[in-house]
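Q: Okay, here's what each chain looks like letter by letter:
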Amino acid sequence: MIEKVQGIVLRTRDYGETNKIITLYTKEYGLISAVARGAKKTKSRMAAITQPFIYGLFLTQIGKGLGTIHQGDILNSMRGIREDIIKTAYASYMCELVAKMVNEKEPNSALFDELNISLERMLDDEPPEAISIMFELKMYHIGGFAPVVHNCVNGHDDRPITAFSVVDGGVVCDMCQSSSEYTIPLPAHAYKVLRQMSLTSIKRIRNISIKHDTLKLLRHILDQYYERYGGMTIKSKRFLDQMHLLDHD
Amino acid sequence: MYYPEPISKLVDSFTKLPGIGPKTAVRLAFFVLNMEEDDVLDFAKNLANAKRELTHCSVCGHITDTDPCRICDDRERDGSIICVVQDPKDVIAMEKMKDYQGKYHVLHGAISPMDGIGPEDINVPPLIERLKDEEVKELILATNPNVEGEATAMYISRLVKPSGIRISRIAHGLPVGGDLEYADEVTLSKALEGRRDL
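From first to last, the protein sequence lines stand for chains A and B.
By full-length UniProt numbering, the letter at position 245 of the first sequence is numbered 245, and the numbering carries on one by one without gaps.
By full-length UniProt numbering, the letter at position 44 of the second sequence is numbered 44, and the numbering carries on one by one without gaps.
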């Protein structure tokens, strides 16, 4: 069955001398893998359309196992991402989260749009770190282990939120903070940002402007949280940490 | 196993090679049986020698049987230009061209965010040391035109730029003998960007 699908290239692997195996996140079929024959050849038209982050229309044979990509048209090359090492690092992280947390052939057009718009926002020079945190929080919902952020995880709705508890799995109020040993203090403005990032789609947010310290705090919280509940190794995270060091050099 | 032990061991050895499955391995093993004894001994000796005698050049990282390699040792080559490539096979490809008279630096890989391969996992630190010691005027970044190659080129460029050394990237565009009509948008746009005066 040959189908025309809209998809984003999440990752590519070499297969034999001249072929590549492409992992695509498609609007119609969700996560699929397909062989692009000859994609490693210099003169192959498949070479360009099988680059990571490309959003395109793919003519793909979809079967039970590995499919085959016959043709492709680029809808957005996302070239600006591949030409910036920081954007490449964050986009790789987002794509790896999708590739690892989503089951094959389970379509989710909302997630597809979220990924596509997040990549487009990176192209528009919105801060990649903030976009990746927003996207990561959405992926936690998909994975079923999203932190509770709308009110105190212990149910104290009328108390002000003052910290994040990794052990409890969400934000906690001033009362819970004093009774728990392992909490990360969360100032009011940082809580507001965390809540908005977790509950609002990237579609509804433009001109993101978040203080560096707030982003750093949120990153720290998510790292601790993922370490406890994530359970999967995200290879591109290691690369991101090295890029972070380069920034400060 | 249906085969005598020497053949099954040979089959096992062939299956360790990339792209060789059990059937091909059996075919190759029987081919070896029909070869002249001298040719077989030569073949075995060449395999062992390739492993024993080849090493990485202490200067550029290229595979070599002498240290430093013949390219690094060649005084007629221009030491002020270094071409950075991902793989020893890329050096061979460049040398076949016969137009380049500078020296090389082999990274033995590329930065790959997807696979978690960072700058410290490839041969970048020796390059930085080399740039401090040698009088280098230009660094040509000839990594592959894909995400990994671009990320590697960007990283090296960010590291080296403050030192004032000229950094250039090999051009991307239409292949010789290609057809404009069938070129994709990304390649065409890169080709247009890299156009030059006639």
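Just so you know, these hints were derived from the structure itself, not from any lab.
Treat each hint with caution, since some may be false.
Claimed, not checked - According to the in silico footprint, chain B covers these stretches of chain A (three or more CB under 8 Å from chain B):
(1) 37-46
(2) 89-103
(3) 206-217
(4) 229-241
Stated by the list, open to error - A short, non-exhaustive set of chain B residues, derived as facing chain A with CB atoms under 10 Å:
(5) Gly109
(6) Ile111
(7) Asp115
(8) Ile117
(9) Glu150
(10) Ala171
(11) Leu180
What the hints assert, rightly or not - From chain B, some residues computed to sit far from chain A (all C-beta separations above 12 Å):
(12) Tyr2
(13) Arg27
(14) Ala48
(15) Asn49
(16) Pro88
(17) Val186
Keep in mind it's a predicted model, so treat the numbers as computed, not measured.
Cβ coordinates follow ideal geometry from the N, Cα and C atoms, glycine included.
Q: Are the hints correct? Go through all of them and say.
A: Structure-based check of each hint:
Only when three residues or more bring their CB closer than 8 Å to a CB of chain B does the claim for the stretch 37-46 of chain A stand; here the count is 3, and the claim holds. Counting residues of the stretch 89-103 of chain A whose C-beta sits closer than 8 Å to any C-beta of chain B gives 5, which meets the bar of three, so the coverage hint holds. Given as covered by chain B, the stretch 206-217 of chain A fails the check, having 0 residues with a CB less than 8 Å from a CB of that chain where 3 are the minimum. Counting residues of the stretch 229-241 of chain A whose beta-carbon sits less than 8 Å from any beta-carbon of chain B gives 6, enough to reach three: the coverage restraint holds.
The restraint placing B/Gly109 at the interface with chain A is violated, with a minimum CB-CB distance near 13 Å, outside the 10 Å limit. With 10 Å as the threshold, the beta carbon of B/Ile111 comes within range of chain A, its nearest partner Cβ sitting at about 7 Å, so the hint holds. This hint holds: B/Asp115 has a C-beta 6 Å from the nearest C-beta of chain A, less than the 10 Å allowed. Among the interface hints, the one on B/Ile117 holds; its C-beta lies about 7 Å from the nearest C-beta in chain A, closer than the 10 Å criterion.
Of the supplied interface hints, the one on B/Glu150 holds, with its beta-carbon coming within about 6 Å of a beta-carbon of chain A, less than 10 Å. Below 10 Å, beta-carbon pairs count as interface contacts, and B/Ala171 has none with chain A, the closest being about 13 Å; its hint is therefore violated. For the restraint placing B/Leu180 at the interface with chain A, the shortest Cβ-Cβ distance is roughly 12 Å, beyond the 10 Å limit, so the hint is violated. Every CB of chain A lies more than 12 Å from the CB of B/Tyr2, the least distance being 29 Å, so the non-interface label holds.
Its beta-carbon lying about 18 Å from the closest one in chain A, B/Arg27 satisfies the requirement of being farther than 12 Å from that chain. Every Cβ of chain A is farther than 12 Å from the Cβ of B/Ala48; the closest lies at roughly 26 Å, confirming the non-interface assignment. The Cβ of B/Asn49 sits about 26 Å from the closest Cβ of chain A, beyond the 12 Å cut-off, so the non-interface label holds. Against chain A, the non-interface label of B/Pro88 holds: every CB pair exceeds 12 Å, the least being about 17 Å.
The claim that B/Val186 lies off the interface is violated: its Cβ sits roughly 5 Å from the closest Cβ of chain A, which falls inside the 12 Å cut-off.
Checked against the numbered hints given earlier, this structure breaks hints 3, 5, 10, 11 and 17; the rest are met.
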